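Sequence order for the protein chains is A and B. Just so we're on the same page, the working numbering is the position in the first sequence counted from 1, plus 60. Just so we're on the same page, the working numbering is the position in the second sequence counted from 1, plus 52.
For the record, the hints were derived by calculation from the structure and aren't laboratory data. These numbers were taken from a predicted model, which means no experiment stands behind them. A portion of the hints provided could be inaccurate.
[Claimed, not checked] Far from chain A, some chain B residues (derived; all Cβ distances over 10 Å):
{"#": "1", "residue": "TRP79"}
{"#": "2", "residue": "SER91"}
{"#": "3", "residue": "PRO103"}
{"#": "4", "residue": "THR142"}
{"#": "5", "residue": "PRO174"}
{"#": "6", "residue": "PRO202"}
[Unchecked claim] Pairs of lysine-lysine residues, derived as BS3-like cross-links and limited to a Cα-Cα distance of at most 27 Å, are as follows:
{"#": "7", "chain 1": "B", "residue 1": "LYS215", "chain 2": "B", "residue 2": "LYS68"}
{"#": "8", "chain 1": "A", "residue 1": "LYS380", "chain 2": "A", "residue 2": "LYS363"}
{"#": "9", "chain 1": "B", "residue 1": "LYS144", "chain 2": "A", "residue 2": "LYS217"}
{"#": "10", "chain 1": "B", "residue 1": "LYS160", "chain 2": "A", "residue 2": "LYS154"}
{"#": "11", "chain 1": "B", "residue 1": "LYS160", "chain 2": "B", "residue 2": "LYS68"}
{"#": "12", "chain 1": "B", "residue 1": "LYS144", "chain 2": "B", "residue 2": "LYS160"}
{"#": "13", "chain 1": "A", "residue 1": "LYS217", "chain 2": "B", "residue 2": "LYS82"}
{"#": "14", "chain 1": "A", "residue 1": "LYS217", "chain 2": "A", "residue 2": "LYS157"}
{"#": "15", "chain 1": "B", "residue 1": "LYS62", "chain 2": "B", "residue 2": "LYS144"}
{"#": "16", "chain 1": "B", "residue 1": "LYS68", "chain 2": "B", "residue 2": "LYS82"}
{"#": "17", "chain 1": "A", "residue 1": "LYS157", "chain 2": "B", "residue 2": "LYS160"}
{"#": "18", "chain 1": "B", "residue 1": "LYS219", "chain 2": "B", "residue 2": "LYS62"}
Beta carbons: idealized from backbone N, C-alpha and C, even for Gly.
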Amino acid sequence: MDLWFTNIANYIVQLLMSWGFPYFWADLILLLIQWMCVLAIVVLDVIILIWLERKAAGFIQMRLGPNRLGPFGIFQTIADAIKLMTKEDIIPNKVDKWIFLTAPLFMIFISVMLYLVLPIGEGLAVVDLDVGLLYFLSLSSLTTICVLMAGWGSNNKWSLMGAMRAVAQMITYEVPLILSLLGIVMITGSLRLSDIVAAQSHVWLIIMQPLALICYFIAATAELNRGPFDMPEAEQELTAGAYTEYTGMRWALFFLAEYTNLVAVSALFVCLFLGGWHGPFLPQWLWIPVKTYVVICVFFWIKWTFPRIRMDHLMSFSWKVLIPLSLLNIVLTGFGIEIFAWVRGL
Amino acid sequence: MVLKNEADLKEDADVKLLENNGVFCTWFDKIWNWGRARSFWPLNYSCNCCPIEMLVAGGAPRFDIARYGYEVFRASPRQADLLVLAGPVTLKMAPVVRRVWLQMAEPKWVLAMGNCAISGGPFRDGYSVLPGGDSILPIDVYVPGCPVRPEALFHGMLELKAKVEGKR
Numbered sequence: 061m062d063l064w065f066t067n068i069a070n071y072i073v074q075l076l077m078s079w080g081f082p083y084f085w086a087d088l089i090l091l092l093i094q095w096m097c098v099l100a101i102v103v104l105d106v107i108i109l110i111w112l113e114r115k116a117a118g119f120i121q122m123r124l125g126p127n128r129l130g131p132f133g134i135f136q137t138i139a140d141a142i143k144l145m146t147k148e149d150i151i152p153n154k155v156d157k158w159i160f161l162t163a164p165l166f167m168i169f170i171s172v173m174l175y176l177v178l179p180i181g182e183g184l185a186v187v188d189l190d191v192g193l194l195y196f197l198s199l200s201s202l203t204t205i206c207v208l209m210a211g212w213g214s215n216n217k218w219s220l221m222g223a224m225r226a227v228a229q230m231i232t233y234e235v236p237l238i239l240s241l242l243g244i245v246m247i248t249g250s251l252r253l254s255d256i257v258a259a260q261s262h263v264w265l266i267i268m269q270p271l272a273l274i275c276y277f278i279a280a281t282a283e284l285n286r287g288p289f290d291m292p293e294a295e296q297e298l299t300a301g302a303y304t305e306y307t308g309m310r311w312a313l314f315f316l317a318e319y320t321n322l323v324a325v326s327a328l329f330v331c332l333f334l335g336g337w338h339g340p341f342l343p344q345w346l347w348i349p350v351k352t353y354v355v356i357c358v359f360f361w362i363k364w365t366f367p368r369i370r371m372d373h374l375m376s377f378s379w380k381v382l383i384p385l386s387l388l389n390i391v392l393t394g395f396g397i398e399i400f401a402w403v404r405g406l
Numbered sequence: 053m054v055l056k057n058e059a060d061l062k063e064d065a066d067v068k069l070l071e072n073n074g075v076f077c078t079w080f081d082k083i084w085n086w087g088r089a090r091s092f093w094p095l096n097y098s099c100n101c102c103p104i105e106m107l108v109a110g111g112a113p114r115f116d117i118a119r120y121g122y123e124v125f126r127a128s129p130r131q132a133d134l135l136v137l138a139g140p141v142t143l144k145m146a147p148v149v150r151r152v153w154l155q156m157a158e159p160k161w162v163l164a165m166g167n168c169a170i171s172g173g174p175f176r177d178g179y180s181v182l183p184g185g186d187s188i189l190p191i192d193v194y195v196p197g198c199p200v201r202p203e204a205l206f207h208g209m210l211e212l213k214a215k216v217e218g219k220r
């Protein structure tokens, strides 16, 4: 059961080669199919997640959430999607047109590219890069540039302030995010995500790196502009932040990209700390989605129970608390590795 | 009762003919309006008492507007569908309300919530208040009350839903 998808892929390649395609073209076609699968997963995930978030918010606030359309209101997101697609597409007169128009496209493109390195099972990543972790982190911080494009191109003061906040937040929280993951790289000795998951076959890294877990989780929440850290979109202060001028589908693309990022970062969290595809009973490719959805629910839980924190508190929290903690984690991990090696040598 | 002109009647007859011969006809408008009617994202223009009732309708456990899927209150007019006028429109505010309405993307609707927005309410004879929001905006649904109860607001939104779907 673990190898279903690998077998399907092998079968497709062999079928294409038996039709006379050279290996290069067969591989390329397989890659295209994988891209399509990634896109389908992304869209399906977002449709489910928006419904799930509205339901979760309802239950946390002792409400019911959407329940009129279909069983438990499942079709609510589809109605929203139809409405957003048929809304008027307003491009204001004074915007920087090309930047304004391309910002949502770049954002969704970058967010989907994050999925390429995530291993869904043993040998089940679209591209198993040997610098997978680095690739993931650098791309996920690139989405901030798209937010800046949106804010700058809109030619609107709220948009620009929201975008500036997003950039400041990214610069502040990228540092503890990467520093907290250094401990994992030191233990597993690899930047390849499938190696990191394979190293957790006996003990998950959540046990060995609890401090990094906390630092990474907080920094990732800030990186996703979610929960108590949604400063760039702070409604009460900035209307809709960087997205103020966007209508209909263009705005929906930003929304789609944010949820796509959320899923990708949660999946990375699962791969790094929660043992990835390792788990009893279920097949490997089912464990990753199950764990990812659990992590996403924790993100929802945090978002709907904490109030938004102030901008200067946000900055000082990162520089004064998170970065020292993640540096301490590196030191402790180094000592731990040395002590472990010394005990083994006795 | 919806009045139909001759062209509509002829179209209906054509559709009947096709349906009798096993062809199923529908309109894109039907699907679009199905979606639009079920996801009004409100933008509120508000002063004091009606908005409190609106907040109760939106966020309180007892009256949960999220059941109908209308709970996404947008702060930016660009992303909103329904302008909820919940308060008297003063002369000074009138051009601003009008501009906010113009900034909203089509298709858009306006709901007048409470007596002040409908007719000026107790301030009707005042020197600085418009006699109702409909002197500057095309209002789709009037919900009377002072202040409006949340159930009445729901009823108004469901009436608007019926209107968008062409059932009214």
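Outcome of the hint check:
Taking the minimum C-beta to C-beta distance to chain A, about 13 Å, the non-interface status of TRP79 (chain B) holds against the 10 Å cut. Distance check for SER91 (chain B) against chain A: the nearest CB is about 4 Å away, which does not clear 10 Å, and the non-interface claim fails. Every CB of chain A is more than 10 Å from the CB of PRO103 (chain B) (nearest about 14 Å), matching its label as outside the interface. With a least CB separation of 22 Å from chain A, THR142 (chain B) remains clear of the 10 Å interface cut-off, as annotated.
The Cβ of PRO174 (chain B) lies farther than 10 Å from every Cβ of chain A, with a closest approach of about 30 Å, so its non-interface assignment holds. Once the 10 Å rule is applied to beta carbons, PRO202 (chain B) is consistent with being away from chain A; the minimum gap is 13 Å. A C-alpha spacing of about 24 Å is found between LYS215 (chain B) and LYS68 (chain B), which places the hinted pair at or below 27 Å, so the restraint holds. Simply put, LYS380 (chain A) and LYS363 (chain A) have alpha-carbon atoms about 23 Å apart, close enough for the 27 Å limit, and the pair holds.
Taking the CA atoms of LYS144 (chain B) and LYS217 (chain A), the gap is about 23 Å. The hint holds against a cut of 27 Å. Proximity of LYS160 (chain B) to LYS154 (chain A) is assessed by CA-CA distance (about 23 Å); at most 27 Å being required, the pair is judged to hold. At roughly 32 Å between alpha-carbon atoms, LYS160 (chain B) and LYS68 (chain B) are farther apart than 27 Å, so this suggested pair is violated. With a C-alpha separation of about 23 Å, the suggested pairing of LYS144 (chain B) with LYS160 (chain B) holds against the 27 Å cut-off.
Distance hint between LYS217 (chain A) and LYS82 (chain B) is unfulfilled; the C-alpha atoms sit about 39 Å from each other, more than 27 Å. At most 27 Å may separate the alpha-carbon atoms for a hinted pair to count; LYS217 (chain A) and LYS157 (chain A) meet this at roughly 17 Å. A C-alpha spacing of about 50 Å is found between LYS62 (chain B) and LYS144 (chain B), which places the hinted pair above 27 Å, so the restraint is violated. Taking the CA atoms of LYS68 (chain B) and LYS82 (chain B), the gap is about 17 Å. The hint holds against a cut of 27 Å.
Only pairs whose Cα atoms come within 27 Å are accepted, and LYS157 (chain A) paired with LYS160 (chain B) is accepted, the gap being roughly 25 Å. With a C-alpha separation of about 20 Å, the suggested pair LYS219 (chain B) and LYS62 (chain B) falls inside the 27 Å cut-off, and the hint holds.
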